[in-house]
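Here the protein sequences come in this chain order: A and B.
By the working numbering, the letter at position 251 of the first sequence is numbered 251, and the numbering carries on one by one without gaps.
Count along the second sequence from 1, then add 1000; that gives the number in the working numbering.
Just so you know, the hints here were simulated from the structure itself, not pulled from any lab data.
Please note: incorrect hints may appear among the correct ones.
Selected chain B positions facing chain A (Cβ under 8 Å, derived; list incomplete) [to be verified]:
hint, residue
1, N1008
2, L1050
3, P1070
4, S1075
5, Q1080
6, F1088
7, A1089
8, M1091
9, T1092
10, E1095
11, E1098
12, L1099
13, G1100
14, L1103
Residues of chain A clear of chain B, computed beta-carbon distances all greater than 10 Å [what the hints assert, rightly or not]:
hint, residue
15, I82
16, A87
17, L100
18, L184
19, S194
20, L262
21, I275
22, I277
Each computed BS3-like pair below joins lysine-lysine, with the alpha-carbon atoms no more than 27 Å apart [said to hold, decoys possible]:
hint, chain 1, residue 1, chain 2, residue 2
23, B, K1229, B, K1219
24, A, K179, B, K1076
25, B, K1229, A, K179
Every residue, glycine too, gets a C-beta built ideally from N, C-alpha and C.
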Amino acid sequence: MDSITTQVFQQIINGLSLGSIYALIALGYTMVYGIIKLINFAHGDVMMVGAYAGWFAITALHLPFLPALLFSMIFCALLGVIIERIAYKPLRNATRIAALITAIGVSLFLEYGGMLIVTAQVRTYPPVFPATQYIVGGVYFKYGDIVMLVTAVVLMALLHFTVQYTKVGKAMRAVSFDKEAALLMGINTNNIISFTFAIGSALAAAAGVLMGVYFNTINPLMGIIPGLKAFVAAVLGGIGIIPGAMVGGLMLGLVEAIVSGLGASTWRDAVAFLILILVLIIKPSGLFGKNVREKV
Amino acid sequence: MLVLEDVNVYYGAIHALKGISFEVNQGEIVTLIGSNGAGKSTSLKTISGLLRPKTGKITFKGENLAIVAPQTIVSKGISQVPEGRRVFANMTVIENLELGAYLRKDKTEISKALQHVYELFPRLLERNKQISGTLSGGEQQMLAMGRALMSRPELLLLDEPSMGLAPILVKQIFSIIKEINASGTTVLLVEQNAHMALSIANRAYVLETGKIVLSGDAKELAASEEIRKAYLGG
Ligand SMILES: Nc1ncnc2c1ncn2[C@@H]1O[C@H](COP(=O)(O)OP(=O)(O)OP(=O)(O)O)[C@@H](O)[C@H]1O
Ligand SMILES: [Mg+2]
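Using the sequences provided together with the hints, build the complete structure.
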């Protein structure tokens, strides 16, 4: 293959790896928004906590990658439930702006509380994967990239299955559509909301561990920018729509990789927010946004 | 079976139910009629636990409903078809029906209930896989009723099932309500269409701005001067 084609393929691989991380974070944003109409600005910080939990599991508990991932996901699932119960639940009937401000408060709490506990010092993720690289037609696949992609895809498939086909998934969709009607069915809406936070936070934790593995370093403020970008991804796909978050995340990752590939990597972050602005102007409901009209 | 005693319900400062008392006996069709804003939906929501009375008592088969969580009321045998259907428009017909049986565990019981619903509403079987937001208004009403029946309720609460339906469909829905009642389900029917409601009910209560102003045998009320003037167009 000529060098331009391999370049393009290389950037697509990079873009998909990064994009799958964005997608995992975006899913949490979108699920929480879908169910309680809250933009959970602390979500990126939950991802950060997940990165630290994974780091702790690998360095201090000497766990291999998968158990460490699981440890981090469970830890953050609990954290997500606690955050919802303590910070958001009392505001369930308050104005949206009050809830939004609270979310920003929780975000700052996690960032600076995190600094207090783990210090502002940057930590290095130990290499969990062999440095093996595969070269197919001039395109480099790192072993780690493949594991990342596979992990993200498996988690998204699991989520899709849960939401579409399980009882709790159907209850989630019912609660996000109409809480009162869900109560009439006998669905405990509070439990379903907690469950949604648990899943969203666990996915963020997975993203955090993958970020640590991908970029090697973690710090208490690492959640801010990916959190914002994942938010852009969720809006791009259509906030509240699960497949939208997956596609939005992957697209954003690809666009960033292509911009970097064109030698404009300093513009990478700006491009993400340019996309946000364009989406909000052209199609605020996002790529997958549609209106299911109710007939009366 | 169901007894409300001096129930007062508020929305903030708005006093929506002003000490209402009524009862529904096993096997009856009781209708609650009244014009817009009389408090009919508020009454049903209070029975289903979505709203809480400030004072007063609601008992179902002797049990105090005030201390039962809203999501648990359905397991006591009370199921509501809410005003405006409120089907889960983003989900298929069958998914809606499954959610109606959310608290039931017994698979054979669930499939029996489903069978029963399909017998009452063959249209729902035809439209099984359709996204319910795309159903017609009449089909959505059937779905909302079918969904409520999936819990096999002893008491079915219906909030304006005739709303927005063509006369022929209203007739059909009302004859199905009679059928549901005949198969052993007690019915509390809220309606603005007093004429139709009185024609199938055993007893009726008339609600006006949060108070019960009249009650009695449905046939007698339908014949009474007051009701004819106020609700049956002379
Ligand atoms: N969520 C609410 N907040 C404040 N007031 C409310 C609310 N819901 C109902 N009300 C008021 O309570 C009163 C009774 O309302 P309700 O919905 O029970 O009437 P209704 O008899 O069902 O009327 P309709 O036939 O139009 O459905 C009305 O005055 C209404 O404005
Ligand atoms: Mg009403």
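Evaluated hints:
1. N1008: 21 Å, violated
2. L1050: Hint holds; L1050/B Cβ to chain A Cβ min 6 Å, cut 8 Å.
3. P1070: Holds, because the Cβ-Cβ distance from P1070/B to chain A comes to roughly 5 Å (cut-off 8 Å).
4. S1075: 6 Å, holds
5. Q1080: This hint holds: Q1080/B lies near chain A, its Cβ roughly 5 Å from the closest one there, short of 8 Å.
6. F1088: At 5 Å from the nearest chain A Cβ, F1088/B passes the 8 Å test, so the hint holds.
7. A1089: Constraint on A1089/B satisfied, holds at 5 Å.
8. M1091: 6 Å, holds
9. T1092: For T1092/B, the interface hint is violated, since the closest Cβ of chain A sits about 10 Å away, which is over 8 Å.
10. E1095: Holds, because the Cβ-Cβ distance from E1095/B to chain A comes to roughly 6 Å (cut-off 8 Å).
11. E1098: 7 Å, holds
12. L1099: 5 Å, holds
13. G1100: 6 Å, holds
14. L1103: 4 Å, holds
15. I82: Label holds. Min Cβ-Cβ 22 Å, cutoff 10 Å.
16. A87: 23 Å, holds
17. L100: 24 Å, holds
18. L184: L184/A is in fact no farther than 10 Å from some Cβ atom of chain B, at 5 Å.
19. S194: Label holds. Min Cβ-Cβ 14 Å, cutoff 10 Å.
20. L262: Answer for L262/A: holds, closest chain B Cβ roughly 40 Å.
21. I275: 26 Å, holds
22. I277: 29 Å, holds
23. K1229/B - K1219/B: Since the Cα atoms of K1229/B and K1219/B sit roughly 15 Å apart, the hinted pair holds (cutoff 27 Å).
24. K179/A - K1076/B: 20 Å, holds
25. K1229/B - K179/A: 39 Å, violated
Of the numbered hints listed earlier, those contradicted by the structure are 1, 9, 18 and 25.
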